[in-house]
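K.L.:
Work out the full structure: start from the sequences and follow the hints.
Protein chains: 2
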Amino acid sequence: MPTLVMKFGGTSVANLERIANVAEKISREVERGYNVIVIVSAMSGKTNELIGWVNDTSDIYDAREYDAVVASGENVTAGLMALRLQEMGVSARSWQGWQVPINTTSAHSAARFVSIPRDNIEAKFAEGFRVAVVAGFQGVSPEGRITTLGRGGSDTTAVAFAAAFEAERCDIYTDVDGVYTTDPRITAKARKLDKISYEEMLELASLGAKVLQTRSVELAMRYGVRLRVLSSFDETDETSGTMVCDEEEIMESKVVSGIAFSRDEAKVTLVTVEDRPGIAAAIFGPLADAGVNVDMIVQNISEKDYDEVHPGAVTDMTFSCPIDQINRARKAMENAKAAGSINYENLIVDADVSKVSVVGIGMRSHTGVAAKMFRALAAEGVNIKVISTSEIKISVLIDRKYIELAVQTLHDEFDLGAPADDV
Amino acid sequence: MPTLVMKFGGTSVANLERIANVAEKISREVERGYNVIVIVSAMSGKTNELIGWVNDTSDIYDAREYDAVVASGENVTAGLMALRLQEMGVSARSWQGWQVPINTTSAHSAARFVSIPRDNIEAKFAEGFRVAVVAGFQGVSPEGRITTLGRGGSDTTAVAFAAAFEAERCDIYTDVDGVYTTDPRITAKARKLDKISYEEMLELASLGAKVLQTRSVELAMRYGVRLRVLSSFDETDETSGTMVCDEEEIMESKVVSGIAFSRDEAKVTLVTVEDRPGIAAAIFGPLADAGVNVDMIVQNISEKDYDEVHPGAVTDMTFSCPIDQINRARKAMENAKAAGSINYENLIVDADVSKVSVVGIGMRSHTGVAAKMFRALAAEGVNIKVISTSEIKISVLIDRKYIELAVQTLHDEFDLGAPADDV
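Here the protein sequences come in this chain order: A and B.
Counted the way my numbering counts, the first sequence spans residues 1 to 423.
Counted the way my numbering counts, the second sequence spans residues 1001 to 1423.
A hint or two may mislead.
As the list claims (entries may be wrong) - A few chain A residues that face chain B, going by a derived Cβ cut-off under 8 Å, partial list only: (1) N75; (2) L80; (3) G144.
These are calculated hints, taken from the structure and not from any lab test.
Every value quoted in this text rests on a predicted model; they were computed, and no experiment measured them.
Using N, Cα and C, we set each Cβ at its ideal position, and we do this for glycine too.
P.N.:
Next comes the structure, spelled out in structure tokens:
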């Protein structure tokens, strides 16, 4: 029998009524002839409650105990889902991470998969069980302690099972009905994509589309797992949602697939930094240690090229990060300056910026996308502050007040509201 | 280093403040030089929440899934307690049932211990850990699935660990400060006992004193575990609470140790039952199947010894059960009659009775306790409806309206308010 992996996030299993609703979806796939591996998250809010308790209990952070506490939320959902399926006449049982076992590294709270042996679950399928309900987000370390994979780890668990069991597909049920060309709240012309390539999805996810956890897409790409994103709240069938797959499978001909954006960015510029080998490491090391997620980095030659105080070359260094990390970033820079490991004349923070990106695998073979983007923004009077590019995306920082205008303009410019032509 | 087992029930770990308070008590025992094994229950209310979810999810009762869900409450407490102890500088880690492992039978929701190997926990003690925080109430089956021991199973877990690790003592922290001669709410003369024998404790616990789970006392008696009951809310020291121990260790000279009672009993009489071999089984089998906890059983020869309709001997059969099981009991009897497996003329229910018992290991060597009890009740005009006796207790059913009077009268009659003379 072919295997299907289905994953349900916290909002999809938030209460008993939703669990029952989701069980119907599982039952339908069993009727279609699949053996189903279901990956469940904790009921919405439960993980945060547990994390709150851990934080309030101790300032000492023992990730092993953190994991042991936090993983319990998924175990509850797994048991309840198995019971609900039994109630509907579907032979199901729950699996906790250590029972499968989901072998991971000992990097608690950020563990990585080592192996997922198929034997135990396959033995149950052979006995006639049709559904294995697996607690997501968790595993077991070589020392026999419970590990967790970090936030979004249930998506990753689903993809890892799909890879290990060579599943026909991995369906990620969530609270949106697919991947859109951009956020429909910004423009009513936003259109759901039927298919999108792994590479594009990676850029969209990491740019704030918030549909799929980045690591799960990476894993899917690596193992060729066909990933489908669809809504757990709608009626769904074989054609629902958005399929994330290899670009060969995609027949659409658009150069640009979507416009991603991230509203709450900040831009930090260190003015007149000594330009010597190792200076980048001296700046971004302390930022990483302080937990600042640096996104774009731009280095320019400063106007004050040589002077008496700084006999070497000097430069200006600009980076962006989420706005709520700006104090940490500033403090890390000030500490590094005080410690003498870096030197700068001035630190300028611009907390009123947003990022907008055009993403499309077609850029690889089409030129002029950047020029088209910049021209469209200029025509609307939107000033570009920082530019960063990769093979399949172009991102710019702009003033926050222009973000809706910029997204709408680019969505129109690249004609994303219209269905793609089949090639 | 000597080992101490400490057990904390749900109300003792009901919130983070109480967990912190309890951690102080553990820390003090570590300072006294013990390696401590701590058994924790789920935070008060959590287990009921989980059970409610299971019941609302499915009418089909799969005890394996029930156990997997319900055991998660204790895992949360264990992790939080370990974190709190670490915060205080005490080296502690949590243990879930399968990690120890606590090997049990496969009788889910009512599993029994098979073995508790010391190796894993002792290896950690040898590394310098001073506290093992074990999730109570759970274990792992030979099939590798999570089991639970049923209600009160955390007490039993504590005693089993004390036996396995040859602990110096097993301290059961609860919301009362010890075992009393009777309920202090009934008479202000009730006095806390410093020591009580296993046998007496068994009778008191099963009669409704509600301090210790019966099976845990049986287990303690069997393995000679010294069990102490004390309050998690008071300041406690080495002499606090009540010690449950071998009778040889008890120097008190009272014949009667306590007056137990159970307010909400009901009495059922089957009038004119055919008296033939197997009739008791035909009556009490269906009651057991219906989940009725039959307590006292009395069989009298009926007045209508022989008649034409029932050519055999006939009898009346009376039993008592908790009042909230009376409908189940009635239905089970009516069904059995309808099915023809038993026959009776009339079923009489008396739902207005209570049970009062005098308990004392001294009864073994002292005669006249029953006569003294019956005389004292008669002097107050309390009519006795049913009598049942064991080696160390005498129980009677009386009208519910007399229960306070009866307890006070017997407490005075056996002079329980005064401290015991040391022999």
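K.L.:
Take the hints in turn and mark each one as holding or not.
P.N.:
Comparing the hints with the structure gives:
At its closest, the beta carbon of A:N75 sits 5 Å from a beta carbon of chain B; the interface hint therefore holds under the 8 Å criterion. Checking A:L80 against chain B by beta carbon gives a least distance of about 5 Å; that is within 8 Å, so the hint holds. Nearest Cβ of chain B to the Cβ of A:G144: about 6 Å, under the 8 Å cut. The hint holds.
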